[in-house]
Amino acid sequence: MSGPEPDFDVIVVGAGVAGCVTAYELAGRGLSVALIERGETPGSKNLSGGVLYCRAMQEVFPDFLTEAPVERIIDRNRVCFLNPTSWVGLDYGDERLHQAGTAVTVLRAHLDAWLAGQCEDAGVMVMPGVRVDALLVEDGAVRGVRAEDDVLRARVVVAADGVNSFLARDAGLRDRPPQRHLAVGVKALVRLPRETLEERFGVAGDHGVAMALVGDCTQGIGGGGFLYTNRDSVSVGVVLRLDDLTGKRATAADVFDHLLDHPFVAPLLAGGELVEYGSHLVAEGGEEMRGRLVHDGLVIVGDAAGLTINSGLTVRGMDLAVGSARAAADGIAAALAEDDTSAAGLAGYERALADSFVGRDLRTYARAPRFLENERLYGAYGTLAADVLHDVFHLDGTPRRHLLPTARAVLRGSGVGLGRLARDAWQGVRAL
Amino acid sequence: MKLPPIPERLAGNRFVLDEDQSHIVVDQERLRATGSDERIIACCPAQVYSRAADGTIAVEYAACLECGTCLAVAAPGSLTWRYPRGGHGVQFRDG
Numbered sequence: 004m005s006g007p008e009p010d011f012d013v014i015v016v017g018a019g020v021a022g023c024v025t026a027y028e029l030a031g032r033g034l035s036v037a038l039i040e041r042g043e044t045p046g047s048k049n050l051s052g053g054v055l056y057c058r059a060m061q062e063v064f065p066d067f068l069t070e071a072p073v074e075r076i077i078d079r080n081r082v083c084f085l086n087p088t089s090w091v092g093l094d095y096g097d098e099r100l101h102q103a104g105t106a107v108t109v110l111r112a113h114l115d116a117w118l119a120g121q122c123e124d125a126g127v128m129v130m131p132g133v134r135v136d137a138l139l140v141e142d143g144a145v146r147g148v149r150a151e152d153d154v155l156r157a158r159v160v161v162a163a164d165g166v167n168s169f170l171a172r173d174a175g176l177r178d179r180p181p182q183r184h185l186a187v188g189v190k191a192l193v194r195l196p197r198e199t200l201e202e203r204f205g206v207a208g209d210h211g212v213a214m215a216l217v218g219d220c221t222q223g224i225g226g227g228g229f230l231y232t233n234r235d236s237v238s239v240g241v242v243l244r245l246d247d248l249t250g251k252r253a254t255a256a257d258v259f260d261h262l263l264d265h266p267f268v269a270p271l272l273a274g275g276e277l278v279e280y281g282s283h284l285v286a287e288g289g290e291e292m293r294g295r296l297v298h299d300g301l302v303i304v305g306d307a308a309g310l311t312i313n314s315g316l317t318v319r320g321m322d323l324a325v326g327s328a329r330a331a332a333d334g335i336a337a338a339l340a341e342d343d344t345s346a347a348g349l350a351g352y353e354r355a356l357a358d359s360f361v362g363r364d365l366r367t368y369a370r371a372p373r374f375l376e377n378e379r380l381y382g383a384y385g386t387l388a389a390d391v392l393h394d395v396f397h398l399d400g401t402p403r404r405h406l407l408p409t410a411r412a413v414l415r416g417s418g419v420g421l422g423r424l425a426r427d428a429w430q431g432v433r434a435l
Numbered sequence: 005m006k007l008p009p010i011p012e013r014l015a016g017n018r019f020v021l022d023e024d025q026s027h028i029v030v031d032q033e034r035l036r037a038t039g040s041d042e043r044i045i046a047c048c049p050a051q052v053y054s055r056a057a058d059g060t061i062a063v064e065y066a067a068c069l070e071c072g073t074c075l076a077v078a079a080p081g082s083l084t085w086r087y088p089r090g091g092h093g094v095q096f097r098d099g
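Protein sequence lines, in the order shown, are assigned to chains A and B.
For the first sequence, our numbering begins at 4 and goes up steadily by one.
For the second sequence, our numbering begins at 5 and goes up steadily by one.
One or more of the hints may lead you astray.
What the hints assert, rightly or not - Calculated lysine to aspartate or glutamate pairs in the DMTMM-like style (CA-CA distance at most 25 Å, straight line):
no., chain 1, residue 1, chain 2, residue 2
1, B, Lys6, B, Glu64
2, B, Lys6, A, Glu276
3, A, Lys251, B, Asp22
4, A, Lys251, A, Asp264
Unchecked claim - Here are a few chain A residues that face chain B, going by a calculated C-beta distance under 7 Å:
no., residue
5, Leu100
6, Val189
7, Gly281
Source of the hints: derived by calculation from the structure; they are not laboratory data.
We put the CB at the ideal spot given by N, CA and C, even for glycine.
The following block holds chain B by itself, in its conformation from the complex:
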């Protein structure tokens, strides 16, 4: 079976967006210097990370499934990733 592209796939999930703050902060320099940029783009199942036209990493934090894979593959210090504030982020209906 074929599923639609990731953004449409995620549209079926319930998300409570934290409008005020992102739970993900990237250090562009360090991501690039350590090769972590390529790894987080490839490993994130929600495709939260992508390369912008200017070569930097864009972060679509609203789509985050909160698995923590990016944090596990990024070099220490290149990525600050916390859980969203209480009650925010993905809310699985089935899990």
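Chain A on its own, in the form it takes in the complex:
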């Protein structure tokens, strides 16, 4: 490589999950790595709903569950259609999920601070409080970053700068995503005395529950609500697809307040104390919004690469960030060993990603975002399910009918129609 000597082998921008794991893996290979973070401390700019599927993380940190600041192990999953005055849900608890430690709730300011600490111990130079303003581009290749008045050079730069992805976008390497591929997440952290929380949510010890809510909780706007139990607090929030939010002329803060007031949610949080209020943009496009992830001297990981999956039942981002970080570290190490940091030299990252669980799961759920744009999911189907069950449970003296004719009558009255229901069900089965 010509030009001035690089300051580092690799500069990673952004100390979130993707950035920290990339830096950690590269330092473990003996490379000199800087991790630049704009927050006062690593984690202070980071926010997520809060469920981390942690298999990939355990491959990086074998003692993750006992060493990292995790809140509760999620072994109970509830999925609910919330209608204005009724709800219908699925409640799945399984001891096996606890034993395996499949998923945990996390609070990112704590988790990411821990991850950055692991990086530091591995020899990464962690630089908090520094905003990277732009990529340093010379002869069409990325050679480092510009941060306030400084220039820092590296053989490879990793853009782990989150969903807004300014670095790649400003350099013309990523398009502005359409509104239907983005959602705004609004979240409150509500503290409850631990005994109260455990009683209300039916959990104990380090067991926890994750609830996904859909329907009136978002006032019919594409997206959903969530309630996740932490040790002595609850993460509660909504995620609202931007095209639908603006199309329906709704107000994000009002929709969030509407969820808190819902008769299903309100008693769970009653008497709680607001600890923190935050928001975060969520990439929702799945496979379709991924784009190119390597350029000359640059690699894009995690949210910055649009790596998220919403399967309707599981909402994932952090585990994909870990997967992309590991694939990126492999690709970067190979490129540096060959002394070829061009896009072609770094392409091992894209191949490793495609072969990993990240690429496979993105392809599996490639149709999910389209399916989840179906507005009947956020209104008609919740009330339909409740109306069928109402006819079953509300014994008002009228003669009983079998379930099937009951359902058929409700369907006829709903305006959805059997044909449409069958088509939606078929598409759902194929997409999810």
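Based on these hints, arrange chain B on the given structure of chain A.
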């Protein structure tokens, strides 16, 4: 449960205010011409944007949660929104 109005809600968060510069700059004309003014008012969870008495958009940049939603819904060119300078802006204690 009911939470207090947004400003009181945000009072529990930790913010490091950049006294010298706002990270948000709006083009009033373009915001209005493209209908972006209504969208950023509605979509911002922190209610950073409001309509002033003279009809222009007022920006309370100190309350920004830095999600980037406004930038995503505003027409290109109507809003300049960057992250605050290093170490400034919202600092989540839990996240």
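Now for the hints, and whether the structure bears them out:
1. Lys6(B) - Glu64(B): Answer holds: Lys6(B) to Glu64(B) is near 24 Å, not above 25 Å.
2. Lys6(B) - Glu276(A): Holds - the C-alpha atoms of Glu276(A) and Lys6(B) are around 10 Å apart, at most 25 Å.
3. Lys251(A) - Asp22(B): This hinted pair is violated, its Cα atoms lying about 35 Å apart.
4. Lys251(A) - Asp264(A): It holds: about 20 Å lies between the C-alpha atoms, which stays within 25 Å.
5. Leu100: violated, 24 Å
6. Val189: holds, 4 Å
7. Gly281: Hint holds; Gly281(A) Cβ to chain B Cβ min 6 Å, cut 7 Å.
Hint compliance for this structure: hints 3, 5 are not met, and every other hint is.
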